[in-house]
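With chain A fixed as given, assemble chain B with the ligands onto it according to the hints.
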Amino acid sequence: MIRLEEVTKVFPGADRPAVSSLSLHIPEGEFVTLVGPSGCGKTTTLKMINRIIEPTSGRIEVGGRDVMSMEPHLLRRSIGYVIQQVGLLPHRTVEENIATVPRLLGWDRDRIERRVAEMSELVGLGADLLERYPAELSGGQQQRVGVARALAADPPVLLMDEPFGAVDPIVREHLQQEFKDLWRRLGKTVVFVTHDIDEAVRMGTRVAILNVGGVLEQYDRPEEILANPANDFVSRFLGEERGLRRLALMPVSSAGLDRGPVVEITATPEEARAVMDAHGSDWLGLLDGGRLLGWVPAAEVGTSPLADLEPREFLVILRPEDSLRRALDAVVTSRTRVAVVVGEQGYLGMLDIDRVAEEITE
Amino acid sequence: MIDWGWIASNLDDIWEATLQHLFHSVLAVGIGLVVSFALSLVALRWKAAYGPITWVTGVLYTIPSIALFTFLVPVFGLTSIWTAQVALVSYTLLILVRNIVAGIRSVPDHVVEASRGMGMTEARIFREVQLPLALPAIIAGVRVAAVTTIGLVTLTVIVGQGGYGLFILRGIGRRFLTEALVGTVGAVLMAVVVDRALVALERAATPWARRRAA
Ligand SMILES: Nc1ncnc2c1ncn2[C@@H]1O[C@H](COP(=O)(O)OP(=O)(O)OP(=O)(O)O)[C@@H](O)[C@H]1O
Ligand SMILES: [Mg+2]
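Line order of the protein sequences matches chains A and B. Just so we're aligned, residue 1 is where the first sequence starts under the working numbering, counting upward by one. Just so we're aligned, residue 363 is where the second sequence starts under the working numbering, counting upward by one.
Hints in this document: simulated from the structure, not taken from any laboratory. Positions of the beta carbon are idealized from the N, C-alpha and C atoms, including for glycine. Don't take each hint at face value.
[Claimed, not checked] To spell it out: a stretch of chain B is covered by chain A in this simulated footprint if at least three of its residues, at any positions, have a beta carbon under 8 Å from a beta carbon of chain A; those stretches are:
1) 465-474
2) 477-484
3) 498-504
[As the list claims (entries may be wrong)] Below, a sample of chain A positions facing chain B; criterion: calculated Cβ distance under 8 Å:
4) Asn50
5) Ile52
6) Leu74
7) Arg76
8) Arg77
9) Tyr81
10) Ile83
11) Gln85
12) Gly87
13) Pro90
14) Tyr133
15) Ala135
16) Leu137
17) Ser138
18) Gln141
This is chain A alone, in the form it adopts within the complex (with noise of 0.2 Å):
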């Protein structure tokens, strides 16, 4: 979809170039995300691609077409584009915004409008909104508008410079998570700048890795990345935590379970002695026809039926979509010392600390 061969950018007057020699092949409905240290040349990298910057040489092709032989203008209406600093246009609302590109490209009236409230639902707009001004907003919410301007002409190719970089944290992972879902919904090709590293590998499809004067060091899916960095500078950039980040991308469902010191509550207390004997754990897990009804402490279990006894609820429950990263903090913040798992057909099993660190360690 995009591709980039042997690009490089010297800035008038610079002395050493800000790209050198950048190929980079980004297929088509990938989520490419760039990252490096500041001033490597992401920025440049993005805006070479449609066109704000010109390369000084090289050729990049946006859906098997040399973007210099387009208009550039011409070329952008089919490009989406998001930067940091959102630039929505001040004097216009954000029904008004998020028409800007449908209104060049000539839509008709009743189709931009459609469009529009198509869009703030999409990125979760309230339609009160709509008549305000970009001052009257939130940074989060500017930022959903940024998104939906860039989406409203439905481009191939969303181009996206750290967009969610002026939000707090908690705010910022929300958007992520969201794009993340819009993304997957959608189906586009996008480019994504960011310098954070955790948000590089948790958004991207694929992560390439520049270092300083544009020079792609590693570009592969974030899994082997953190897996298998290129070299020192990739290590160093993933930075201490590579070994949690992994886990991160990692799902429940990817590591064997255990079933653990769990039995029915028809079970009799002798049997129930015996399991968690054979597991040498000093509390008992309670299934109801397969679901999981708590723990309770060894001490409780005596010779009165299971069914009378008051299991305590696990803290953390995890679904087999969760992430091996919160499987080992179910496992360190809980009394059990265990992290379970429950899918939609009731209990699945459970994950020691032995176990999420298999998983690394393979």
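Frame of chain A; chain B with the ligands shown alone:
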């Protein structure tokens, strides 16, 4: 002290002078705006031109008005409207060019870049983004230019033009306070009214700025 009878019997003349005074002022500011716009476009397009343009308009601004009228008489003739207009217009240029250029430059880069990134042509960005956002600064310049010009028009009587200046000149000549006051107070009132009208125009033309302040 004030001869109300004289005022009452000369209402027609006063009204006519008011219209003339307003006509000269509006014409001068209008022409000034057009010329300043052209100069500003040049200054915005070629950054190096901004210095020379403000230098020349600055020099024009500092020439005493009486002297400027005198220089222009041989060019256009003693009673030509253009003798007056050229002088009046040249006093508006500095303030208008400065405000137009500052207004356009104050539009945040990221707004212009986002507009470009969405596929607006440069001409469209200027018309639909930069100009509207520069409006408050431009109107601020027009207010100063208008008030200054309304004051200066009182002097154009010395090159044979009408307006309030005639009352002032004649009133002083005849030591007739009422007539001189009619000219003076008329010019002051006109300046205040025009200034308020421009403020109202700005508010109407920039609803986004108004609501934010509210
Ligand atoms: N318009 C310009 N003129 C001259 N040099 C520029 C220009 N834009 C960027 N540069 C230089 O090019 C290099 C790369 O800049 P770029 O903005 O692409 O970095 P970045 O990776 O986006 O950094 P950041 O994470 O800080 O946004 C920097 O050294 C920068 O100073
Ligand atoms: Mg950048």
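Comparing the hints with the structure gives:
Proximity of the segment 465-474 of chain B to chain A, defined as three or more residues with a beta carbon under 8 Å from a beta carbon of that chain, is established by the 3 residues found. For the segment 477-484 of chain B, the assignment as covered by chain A holds, since 7 residues bring a beta-carbon within under 8 Å of that chain's beta-carbons and 3 suffice. With a cut-off of 8 Å between beta carbons, the segment 498-504 of chain B has 0 residues touching chain A; three or more are needed, and the interface restraint is violated. Hint status for Asn50(A) relative to chain B: holds, with the closest Cβ pair at about 6 Å, below 8 Å.
Nearest Cβ of chain B to the Cβ of Ile52(A): about 6 Å, under the 8 Å cut. The hint holds. Among the interface hints, the one on Leu74(A) holds; its C-beta lies about 7 Å from the nearest C-beta in chain B, closer than the 8 Å criterion. Checking Arg76(A) against chain B: minimum C-beta separation of about 4 Å stays under 8 Å; hint holds. The restraint placing Arg77(A) at the interface with chain B holds, with a minimum CB-CB distance near 3 Å, inside the 8 Å limit.
Hint status for Tyr81(A): holds, given a least beta-carbon distance of 4 Å to chain B, under 8 Å. At about 6 Å, the closest approach between the beta carbon of Ile83(A) and any beta carbon in chain B falls short of 8 Å, and the interface hint on this residue holds. Because the closest C-beta pair between Gln85(A) and chain B is about 4 Å apart, less than 8 Å, the hint holds. With a least beta-carbon distance of about 3 Å to chain B, the hint placing Gly87(A) at the interface is held under the 8 Å criterion.
Interface hint at Pro90(A): satisfied, since its Cβ lies 6 Å from the closest Cβ of chain B, which is below the 8 Å cut-off. The beta carbon of Tyr133(A) is positioned within 8 Å of a beta carbon in chain B (closest approach about 4 Å), and the interface hint is therefore held. Against a cut-off of 8 Å between C-beta atoms, the interface hint on Ala135(A) holds, since the closest Cβ of chain B lies about 4 Å away. Interface restraint check for Leu137(A): the shortest CB-CB distance to chain B comes to about 11 Å, outside 8 Å, so the restraint is violated.
A least Cβ separation of about 14 Å between Ser138(A) and chain B goes past the 8 Å threshold, and the interface hint is therefore violated. Taken as an interface hint, Gln141(A) does not check out: its beta carbon lies about 15 Å from the nearest beta carbon of chain B, beyond 8 Å.
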